[in-house]
Amino acid sequence: MNDRQIVDEFVAESCDHLADIESQLLAIEANGAAIDEELVNTVFRAVHSIKGTAGFLQLSNIQDLSHEMETVLNLIRSRELAPDAGITNALLRAADTLRAMVENVDNSGDVDVSEHLTALRSIASGAQTAVPVPPPADTEKTLDMVQTFVAEAASEPANDVRTPADSVSATETADRGNSTRPTGHTPATETNIRVSVRVLDHLMNLAGELVLSRNQLLQTVGSKTNGNLDSISARLNQVTSEIQEAVMQTRLQVVETVFSKFPRVVRDLCGTLGKQCDLVVEGEDVELDKSIIEAIGDPLTHLIRNAVDHGLETPAERIAAGKSPKGRILLKAFHQAGKVHLVVRDDGAGIDVARIREKAVAKGIITAEQAHELGDRESLRLIFRPGFSTADQLTNISGRGVGMDVVRTNIERLGGTVDVDSRVGQGTGVNLTLPLTLAIVPSLIVRCGAGRFAIPQASISELVRVKAGERADKLQCVNDAEVLRLRGNLLPLVRLSGALRLPSSGANTPDHTGVAGNTNIIVVESGHLRYGLIVDALHDSEEIVVKPLGKNMKDCRCFAGATILGDGQVALILDVAGLAAQASLAIREEKDRSESVETMAASADSQAMLLFTNASTEQFAVPMGLISRLERIRGDQIDSVGGQEVLQYRGASLTLLSLEKQIRALPRAEQQRLYVIVFRVGQREIGLIAPQLTDIRAVPTEIDTTSFREPGVVGSLVLEGKTTRLLDLLELCRAAHPDWFEHAPQAETPAAPHAPTILLAEDSGFFRKQLVSFLQADGYNVLACEDGQIAWDALRRPGQPYDLIVTDLEMPHMNGFDLAKRVKSDPSLRRLPIIAVTSLASEEDVERGRKAGIDEYLIKLDRDQLVNTVAERLRLSRLGAVQPQNTTGRIS
Amino acid sequence: MNATLEAAAPVRSGDVEFVTFCVGDLLLGAEICHVEEINRHVDVTPVAHSPEWVLGVVNLRGEVVTVLDLRWILGLGNNVTTATTRNVVVNAGGERIGFLVDRIADVVNASWSDIKAPPANLNGAQGRFLQGIYELDHGLLAVLNMEEVLAGN
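The listed protein sequences correspond, in order, to chains A and B. For what it's worth, this note's numbering labels the leading residue of the first sequence as 616, then goes sequentially. For what it's worth, this note's numbering labels the leading residue of the second sequence as 874, then goes sequentially.
Among the hints, a few may not be true.
No more than 16 Å apart at the CA atoms, straight line, and that leaves these computed lysine to aspartate or glutamate pairs for EDC-like [what the hints assert, rightly or not]: (1) A:Lys-1162 <-> B:Glu-1020; (2) A:Lys-1166 <-> B:Glu-1020; (3) A:Lys-1436 <-> A:Asp-1408; (4) A:Lys-1169 <-> B:Glu-968; (5) A:Lys-947 <-> A:Asp-991; (6) A:Lys-876 <-> A:Asp-913; (7) A:Lys-1276 <-> A:Glu-1325; (8) A:Lys-1166 <-> B:Asp-888; (9) A:Lys-1276 <-> A:Glu-1260; (10) A:Lys-1162 <-> B:Glu-925; (11) A:Lys-947 <-> A:Glu-932; (12) A:Lys-1169 <-> B:Asp-888; (13) A:Lys-1166 <-> B:Glu-968; (14) A:Lys-954 <-> A:Asp-991; (15) A:Lys-947 <-> A:Asp-900; (16) A:Lys-1337 <-> A:Asp-1310; (17) B:Lys-989 <-> B:Asp-888; (18) A:Lys-1436 <-> A:Glu-1425; (19) A:Lys-947 <-> A:Glu-984; (20) A:Lys-941 <-> A:Asp-893; (21) A:Lys-876 <-> A:Glu-899; (22) A:Lys-1276 <-> A:Glu-1233; (23) A:Lys-1166 <-> B:Glu-936; (24) A:Lys-974 <-> A:Asp-991.
Source of the hints: derived by calculation from the structure; they are not laboratory data. Note that this is a predicted model, so its numbers are computed, not measured.
Whole structure, please, built from the sequences with the hints as guidance.
Right, dumping it as structure tokens:
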């Protein structure tokens, strides 16, 4: 080993020692007087080892600093010092400097450590003065340590132990600007990565397999007998996939590398702000790709700082609000559905939605009318708009109101999403969703002109195909700007061929009405930007490997990189935001899609419906809220087994319903490709064959429930001159498979005694059916009542315990407010959670509902929201965690 | 004469090998140490809005490599791909960059001392990209100044 290697070894070893020191010091502080000797010993040993080797290498600053730290730690260990905030502070700051010096070991002599030395010494001398550690003793310790290295070098560190005076004078000439606490040390993750030997061995094995496969392939190709090419290609395929997986594994790092710095951040911030807070970290062993780990540090830091600064109240405020003075911030990571979820949740004051709206109007982000129309969720999302800050006074802790916008932009750039939820008085949660890796991106491949391009799925919100015949109606020009009429909104359009100046095939030019002339529009989103991209053709969805473009192309903002397709050709990856800029698309605040869907659902008498035709002349409607997803299949994928049609897919079979077998309907049009509407009944999935989808739109729910009523059909209405029958999926399913329901609750007659029973009051027959089917599909027993009076009578009838009430507000005889009031004033019933499902959304109504004792306020009719809220409320009420009186108290 | 030579090319001595190729009517040479490989990856994917001297990108065994238009850089019009077109891949400071040439010729051994300065009447654009001229038995070889070529326009 030469000198350099020894120093490098020292740096690596010291970094290992210092890696956990921060959390360990914090733990020591948390223990207070109850000293965990083993823990203190661990830190002591770490610092001691650094000191020893530093002495050997004549790194005097490192040695001096670690020596003083060791002295203080020794006093703590011997219980002569009780660690408090001051001592921990000094130790933490010293550890920071120590780390900085170790990481930049060659210049460690230039760092001014005198401040730390003085601080640590005064702490040490403040303890029982009987234990000063004299320099000679120190040298002996150093010698202990060093003798394992080289015996003859042992005398050198002794010469190098400096008196404090030396140390100060030596550093006086040093660069002072560099002296204070260094920030942002470069973590070792950037250049080096630790890989377990097991993973490497596995990779090695796979490399061997790959070589074998290649040899086989060469041999087979050489012998010109293509006999077992199939098996070789299968083998190659398998080996390649495994190698891909194994290589991905080498890039995995535990999220702890990011999380570990936050206890310190929270602690320091709380100190500055005079707040108290516990940081609870969960899922620190979740493994994430290196690229993600590197990218989430800043956004998370921002969110944590926000939570402490804006989220948590001061201890006095907390006590006044009846909470413990110490706040709690949860930082959690977990995998779900192929995504990484990161949650930062505080139990602070929550976000006052009304104030958000006020601010947004005051800052000109939205108009007063828009503010009035916004629901609570959209209002909360205003904090992600540029230039928004709710802190009345700007602080230097959470930035100057650019923060959440930047967080959102950063996360979306990674292909992730950000969402926020908040309850006044209970706290705020921010959820980040990220892809597992940035190196491999699921993308849609499209063609435009002769070129193929990849669009990351994360930027795609939906695909729209406009048929030649509908083009005049749906595609229109406003002042030369093309727009698409999509569910009542105008969506700006960008032609890819135009933006990239490519020759496009003629079919898509504005005035062309050719035969094959479907226009393919990809609705893309990036940040606040939402527009439709016209391409010539759609190809497959592929997982693509992102490759950078060379430096000659660094100004091509239309592309985020390139990838290599299966045939070896290069395809460029489109950058949705850059493309919009290229097409000089005015960056406007486009409405959230969820918003428009919600507005549809929220208007009192309409609901989002999927329209489709079975035979081409008969139109049907299904509420969007019931649909799990849509699948596009080939006609020949449908098997008939004993008269029952099933679809083989995803390794399982999906039972299919044909409309004409269940209700009076003409047989479906024979088509090569058709759609299947997949929905859930209890724990099962079932598909309804819907050959041709027409539209998704808001449909009035004032329906004729007599003319076409039959099992499976709720009623009918006329849409644009077409009689459209509204289907009841649950009834259809029950008619086809009565056996499925033998053990499940029958409508309006609760049969499964162990399942929670929900009392439902709703006067509109349509919504009542919807609500019953949502709730029954989720496995609850439901008693549906036509108004509040009937519900109240049912509640008072003895013998039937209910677990939860779901009610409409506007009903004849007894409205929802009165029902809630009665329930909450009845001692035997007041424990029941009450969820209002309503189209009334004005502030006064919400307030009135809360006063009446309504626990949750949901806008008609979001299935997921409903079932989630019901589940959550039931859970809470089972836990007894939320007493009704508390609930009403905190809302008002 | 000597002064001009030194201005155009830094003092070099010893022997040198050139990969030679044709672009238009010119016979060009690139120092062999710059050249990583010569291949037939001439099916270039164009990149919209890229600089004019960039033809596009190709897949070089899994790496996306930028391909420059040497004709455009030398002011000889735009590239025309034919059956003899080849992609010369060079290493430019860690990044691989290819450029298309009309035809590959021989490897030429020469000595730096035999390389003459470009003639004074060679106009600006081309002059910048040429390091010197080497006389072959059957004609002249223009030695490319690789640094300048790779720097783009």
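Of the hints given before, which are not true for this structure? Numbers 1, 5, 8, 10, 11, 12, 14 and 19, in rising order.
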